[in-house]
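Undergrad: Protein sequences appear in the order of chains A, B and C.
Per this note's numbering, the first sequence starts with residue 22, numbered consecutively.
Per this note's numbering, the second sequence starts with residue 3, numbered consecutively.
Per this note's numbering, the third sequence starts with residue 113, numbered consecutively.
Heads up, some of the hints might be wrong.
Here chain A is said to cover these stretches of chain B; the calculated rule only asks that three of the stretch's residues, wherever they fall, bring their Cβ under 8 Å from a Cβ of chain A [stated by the list, open to error]:
no.	stretch
1	74–86
2	180–193
3	358–370
With a cut-off of at most 25 Å between alpha-carbon atoms, the simulated DSS-like pairs for lysine-lysine come out as follows [said to hold, decoys possible]:
no.	chain 1	residue 1	chain 2	residue 2
4	B	K43	A	K330
5	A	K540	B	K372
6	B	K324	C	K124
7	C	K188	A	K534
8	A	K69	B	K43
9	B	K55	A	K123
10	B	K303	C	K176
11	B	K303	A	K534
12	B	K303	C	K205
13	C	K205	C	K220
14	A	K429	C	K205
15	A	K224	C	K176
16	A	K534	C	K124
17	A	K28	B	K405
18	A	K444	C	K176
19	A	K343	B	K55
20	A	K65	B	K324
21	C	K176	C	K217
22	B	K405	A	K343
23	A	K449	C	K176
24	B	K324	C	K158
25	B	K43	A	K534
26	B	K324	A	K343
27	C	K158	A	K224
28	A	K542	B	K43
29	C	K176	B	K324
30	B	K405	A	K534
Pair ranges (Cβ atoms, derived) [what the hints assert, rightly or not]:
no.	chain 1	residue 1	chain 2	residue 2	range
31	C	D198	B	G21	58 to 68 Å
32	A	E331	B	Q291	51 to 61 Å
33	C	S226	B	G21	31 to 41 Å
34	A	T447	C	V131	49 to 59 Å
35	A	K542	B	E58	48 to 58 Å
36	C	K158	B	R307	33 to 43 Å
Since the hints were made in silico from the structure, they are not lab data.
Treat the numbers as computed from the prediction; the structure is a model and nothing was measured.
Glycine included, C-beta positions come from ideal geometry on N, C-alpha and C.
Here are the chains, one letter per residue:
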Amino acid sequence: MKSDITKVTTHINPNEALIFERSQPGRIGYRLPPLDVDEQSINKLIPKEFLRDDDLEGVPEVSEVDVIRHFVRMSTWNYSIDQGMYPLGSCTMKYNSRLNEKVARIAGFAGLHPLTLAEDAQGALEVIYQLQEDLAEITGLPGISLQPAAGAHGEMTGVMIIRAFIDARDGEGGSAKRRTMLIPDSAHGTNPASAHLSGFSVKTIRSTAEGLTDLDHLRELCSVGDVAGLMLTNPNTLGLFERNIKEICRIVHEAGGLVYMDGANMNALVGVARPGDMGVDVIHLNLHKTFSTPHGGGGPGCGPCCCTKELEPFLPVPRIIKTPTRRGSDRTEGAPDVSTSQPTRYNLDFNYPQSIGRVKAFFGNYGMMLRALAYIQTHGYDGLREATEAAVLNARYIAHGLTSDYEKPFDAPPMHEVVFTDKRQTRKGVHTLDIAKRLIDYGFHPMTIYFPLIVQGAMLIEPTESVGRQELDQFIEAMRSIAREAVEDPELVLNAPHSTRIGRLDEAAAARKPVLRWKPKQAASTAQ
Amino acid sequence: MRYIPNSPDERADMLEQIGVASTEQLFESIPENLRLREHLKVPAAMSELELLKRFEDIGTRNQAAQRISFLGGGAYSHYTPTIVDHLISRSEFFTAYTPYQPEISQGTLQAIFEFQTLVCQLTGMDIANASMYDGSTAMAEAVLMAERVTRRSKVIVSSAIHPQYLEVAHTYVQHAGIDLRHALYCTELGTTLPESLSALDENTAAVVVQSPNFFGCIEDVSALAEKAHNAGALLVVVVTEAMSLGLLRSPGACGADIVVAEGQSFGVPLSYGGPYVGLFATRDKYARQIPGRLVGEAYDKHGRRGFVLTLATREQHIRREKATSNICTNEGLIALAATIYLETMGRRGVQEVAHQCAQKAHYAAREIEKLAGFSLPFSAPFFNEFVVRAPASASPMLDQLAKEKGIDGGIALSRFDSERPNDFLVCVTETNTREEIDALVDGLASFTAPV
Amino acid sequence: MANVPDNLHYSKDHEWVRVEGDTAVIGITDHAQEQLGDVVYVELPKAGEEFGAHDSFGSVESVKAVSEIFTPISGKVAEVNQSLADEPEKVNKDPYGEGWMIKMKMSKSGEVDSLLTAAEYEDFTKAESE
């Protein structure tokens, strides 16, 4: 069958050296107003030994035009969501709305100093409060902190909350007996790393042949009596919903532990089901996944931590509250006494003696909170559910389209992401890495590869709701074409990509002798 | 919903094609008693027009954003050239993913490589990572790294470090088996004296100081480095006002082993506290212990130079619980903004900005000192922040100044230390004009009643 | 097909031992280096450190993976292959020769006998991959 797929063609892609290699002494890219106060000799103001004496050597000198061309050229070397789909499982690469960008730049927010007194930052606090309310509704968990700056940070916060709860409940001696965190073999690497930060050691739970948490193994591990908690992702990293989630939570609770849910896969649940209803005690969210805040080439993110009422006292401080409230607090910063006849006020509340403490200076990645709130309000309750439905449908559609050419290790219908293995292709010597690189020649960013670890040569595909049918069909066609190439012309796949500025890089050499910064060339040595 | 490309008809068609009877059936694997029967209790969808108006209204309630500001304390008002926001708003930068596939991420990777280089140049260190969340968490991670490197469990932190940074460090170490001790600062000078490091011994992993510190005072980093090294401990230097690196001797040149900083001063909006960017730099020999992502130079088989994420075996996705940190997503786009800022301002610009900050701040300090009843309690040299002691309670005075004159004159230290009711922290940057400074001085003058 | 020299002893953790008098030379097998891929870094102990059998004495890193290395026998480290710091690829190119990692003074002479022979190790790796 003739493929309609057009492989990408190479086109002019400018070269661009490092800015340091462009630098020319005397070039200027800025202009400041002249100094308008009486200038004194700097040595009089600050003793010489504290002053710089290297004239910032090496920092580039370029014109504004140089900077513009430099970065515009470099930008053309990047793939991005605006260009096309990222089928990256676990990443939820959905559309980053421009409207959200505009909201984040409103001067009243963008220009506001974080140490502004609460009474002069009412608008800013209202945004935090509103987002808290919406996320509580979405997750079914009333306790929220928006302070963590990314998912891993939110995880650390959540696991520390578990630790604090157990310390308070069991006392030091009792808590010392509970230092085990159970983590599935399919978990994201941040999970065990975060557990470690709270002084826990990790025990791995097996998955069943179906790809779900092995309940018997869970019961076995819980019976030891040293379990502080279980960290799981739901739907899991195979894209499958843990249908026994209520039973899982019950087993862990009965054994005296708590359940932490990694919220990375919330895109399959928003508006359809809520972690709080499942028995989960604490979760983190990734605003840069489910709530569309942009990935920015590696951040910023925002990783809210949400928890049950029982765990609320342990959340980071300050908490953002609204007065009049149900509970009075005596140490709210910057707030005069409010009587109930006064209008709504937002305040910072530090009066939580059991709090795990601060996890970041100021309030967290505030700019991302603005964007996430704009996302929620743009979608509304209808749109939020619609997005979830479309995301799951898209993944199911891809799963359906690829099963004839790729081996799908689990039969259960996937949610918002689906995993395949390279078992069929490896028979011809073509591996997941090669398939991923060849996909680039078809104009797509590769899917997530080699994760989760429990699937050989895993290819985890999550289209999100932001992909139209034609593009889904194109992706399916591209993958099918690669499967054919793997049989008919494997070299094409093994040496991919062919259409990019640079080919596969020698990462081993880079890791053996790491060069992590530019350095000026040594002046040629004169004859000695 | 306009962000969802497939129309309801297209979706119905797709369902049919894959043999699923209805949208509801897509969620069959979720037990029925867990599926929501009612819609979420969040408001109905809003159009762009309505939404923008709403947020703009809310924004106007942040009165402080319009005021003349002398606020510092970990977040600084500097001028950002127009092209910074313009360039980071390019689709290819801000909607790009983490550069795990180097062949199609060279834009991001090369930018990070330049960022790492600039951080090394400014801090005077050998290697820098691709960013941490912010200065406070970077400091906490530096404490954890010092313990890893030295295998010692005590860390001395100066009490002249930003109070919120100290809180974060305490949170991070509470289960790490690290004993954090506070070293007092000298109340006359305002700095941390080497003699005050009484807890320094062979169990000390690191001494952590901030310079300029929370009070704006410049610490004698070289002397503290020597003291720490004599005990076999590392010196960690924290910088909250990164612009100070344009004028002051680099921490690296003073003997620091790890330098962490808040990079917000480099082209990043205040944005009520975030997103900011943490800088993390250290010596070559600690390359395998540094947390966070690293970008390195690499070549393809045709000898073409490119850049790639490297030394990934330190990180969580490979080493899992033994990783140097759990960090994954960091502050990529903010690091890019800082990179563009630094390259636009360049070698001359960064120094000129720093120079203006220092000159204006010292002018302000001189003028305030002339006011009856006002004094500068700390005698150590400063860069662009300094503490003022007012003749009466600072908090209500600053409040009045804000409401009547539209000037945020400083941060009342009573917010952090109840034993400093009359002190407030003033920050002056290149964005404060002489008129503004004179207005601040006049405003404060009205609080000195002539005797 | 991975190389499995006859004159060596092997462990189930994919290390080999060559006995030279009372010294044991230890490294990782050809099979192990194949599985790892290009070795970029080897973390080794210092001379003088002591280990019991099956203790982890270091790690081997490739670009995308890190593996701990376990000593098959008990003893004290007499010598460490310093050249691996600059040329970790020796572990790939010559795992039984120039890619040796540590030399240990054996503390329990009979221990090597409980290790696998070349044939046993070959069977073991075959069974593992099924």
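Undergrad: Just pull the numbers of the violated hints for me, sorted ascending.
TA: 2, 5, 7, 8, 13, 14, 16, 17, 20, 21, 25, 26, 27, 28, 30, 32, 33 and 34
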